[in-house]
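Chemist: Chains as they are written, first to last, in our numbering: chain B, 269 to 472; chain G, 269 to 472.
Since the hints were derived computationally from the structure, they do not count as laboratory data. Warning: the hint list may mix true and false statements.
Any copy will do: because identical chains look the same in the list, a pair fits if it lies in one copy or spans two.
Stated by the list, open to error - Pairs of lysine-lysine, BS3-like flavour, derived with a Cα cap of 27 Å:
(1) 406 / 428
(2) 428 / 322
(3) 285 / 406
(4) 278 / 406
(5) 428 / 271
(6) 271 / 322
(7) 311 / 406
(8) 285 / 428
These figures come from a predicted structure and were not determined experimentally.
There are 2 protein chains.
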Amino acid sequence: MAKSPESIEKLRTEIAKMPGIGIRTAERLAYYVQSLSNEEARKLIGAIREVKAKAITCSTCFNISETDPCPICASRGRDRSTLCVVERVRDLAAIEASGSYRGLYHVLGGRIAPLERVYPEDLTIDGLLRRAQESEVKEVIIATNPDTEGDSTANFLMDKLAPLDVAVSVLARGVPAGGQIEHAAQSTLAGAISGRRGVSAKDK
Amino acid sequence: MAKSPESIEKLRTEIAKMPGIGIRTAERLAYYVQSLSNEEARKLIGAIREVKAKAITCSTCFNISETDPCPICASRGRDRSTLCVVERVRDLAAIEASGSYRGLYHVLGGRIAPLERVYPEDLTIDGLLRRAQESEVKEVIIATNPDTEGDSTANFLMDKLAPLDVAVSVLARGVPAGGQIEHAAQSTLAGAISGRRGVSAKDK
Numbered sequence: 269m270a271k272s273p274e275s276i277e278k279l280r281t282e283i284a285k286m287p288g289i290g291i292r293t294a295e296r297l298a299y300y301v302q303s304l305s306n307e308e309a310r311k312l313i314g315a316i317r318e319v320k321a322k323a324i325t326c327s328t329c330f331n332i333s334e335t336d337p338c339p340i341c342a343s344r345g346r347d348r349s350t351l352c353v354v355e356r357v358r359d360l361a362a363i364e365a366s367g368s369y370r371g372l373y374h375v376l377g378g379r380i381a382p383l384e385r386v387y388p389e390d391l392t393i394d395g396l397l398r399r400a401q402e403s404e405v406k407e408v409i410i411a412t413n414p415d416t417e418g419d420s421t422a423n424f425l426m427d428k429l430a431p432l433d434v435a436v437s438v439l440a441r442g443v444p445a446g447g448q449i450e451h452a453a454q455s456t457l458a459g460a461i462s463g464r465r466g467v468s469a470k471d472k
Numbered sequence: 269m270a271k272s273p274e275s276i277e278k279l280r281t282e283i284a285k286m287p288g289i290g291i292r293t294a295e296r297l298a299y300y301v302q303s304l305s306n307e308e309a310r311k312l313i314g315a316i317r318e319v320k321a322k323a324i325t326c327s328t329c330f331n332i333s334e335t336d337p338c339p340i341c342a343s344r345g346r347d348r349s350t351l352c353v354v355e356r357v358r359d360l361a362a363i364e365a366s367g368s369y370r371g372l373y374h375v376l377g378g379r380i381a382p383l384e385r386v387y388p389e390d391l392t393i394d395g396l397l398r399r400a401q402e403s404e405v406k407e408v409i410i411a412t413n414p415d416t417e418g419d420s421t422a423n424f425l426m427d428k429l430a431p432l433d434v435a436v437s438v439l440a441r442g443v444p445a446g447g448q449i450e451h452a453a454q455s456t457l458a459g460a461i462s463g464r465r466g467v468s469a470k471d472k
């Protein structure tokens, strides 16, 4: 990596800690920050400060919000009988954006990944089990990511939820809408085939 | 895009202004900032402030530095007879990191790109022409990026430098070291073939 002024290198180091940001992108962004007008830099710093000051964690579902409970937990219009368990707030936001779910959420704060030293006790699983035992909760939808860690986290949760008086479901696996079968991963196609739906008159 | 708390959305907007950062990456980074400890957030803000306070532009070569003139312009160990013209400070840093150049630099601040409304007068071309006329300068190496805008900027500079008493050169084009011919772009291969070097005994 090239030698840059010390202040640029320091900022690059901070930026490179961000998820998915390599050292080269970090350097590009550090030089971008240097190129900002004072007014623009103030806006950026202000926005960081504001997020830190205002965005808090909902003590019920662990969503990030500016209120506690968060607007979803506080809403009277939501179906309180269903909890959708997601790894991250971003997953919650994506499901909300789909407009296809009207229940409540529970944000785990990650997934079980022993190789990265993330264990069940690092996640909000206790809170989930407590909520799943509330009388109004009828179903828990496990919406962890469809990858190795997400699946093993889902399995762990299924074991923990099995003894409770609550229905447990997982998201459907299949080919993504708008995707192309030609480019789908083998595991995606395997899931789509094993989970195929009958549509012939005989099946209806 | 999903609905996030207002402070997260604000920060996302600021981050999405950064070059090469899409709205999804910006959202991921905004949530990352939210997840930082107060201490970590302070470090990030401090690093931004420091870059803005300390990193300045060298009034000679337009390098970014914490001193003016920058360490390269101020160095007694550099070959002052050669100027290497680059688009951006990052390009300068990359050439420095290669350890293959001991002359001085001149940072244009971008490239001519009329479609993006970047015209010659937006770059530091006047400063370059002034420096190129200094008696100690014997050669100007044009090291703009090997793409359409970079090439037309190089052509523009060649025209401007032609009347001056200075040698002008451009970087060699060819297949990149460590690359694979199979994956090289057609234009890269075309440049490599037209610029081929004789190595037979006859050529030596």
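Chemist: Decide, hint by hint, whether the structure agrees.
Modeler: Taking the hints in turn, this is what the structure says about them:
1. 406 / 428: Cα proximity of residue 406 and residue 428: one copy only (15 Å, versus 76 Å across).
2. 428 / 322: neither (34 Å within a copy, 55 Å between copies)
3. 285 / 406: neither (41 Å within a copy, 44 Å between copies)
4. 278 / 406: neither (51 Å within a copy, 37 Å between copies)
5. 428 / 271: neither (52 Å within a copy, 31 Å between copies)
6. 271 / 322: For residue 271 and residue 322, the Cα distance is within 27 Å only across copies (16 Å; inside one copy 37 Å).
7. 311 / 406: Neither way: residue 311 and residue 406 sit 45 Å apart in one copy and 45 Å across, limit 27 Å.
8. 285 / 428: neither (34 Å within a copy, 44 Å between copies)
Consistency note: the structure conflicts with the earlier hints numbered 2, 3, 4, 5, 7, 8.
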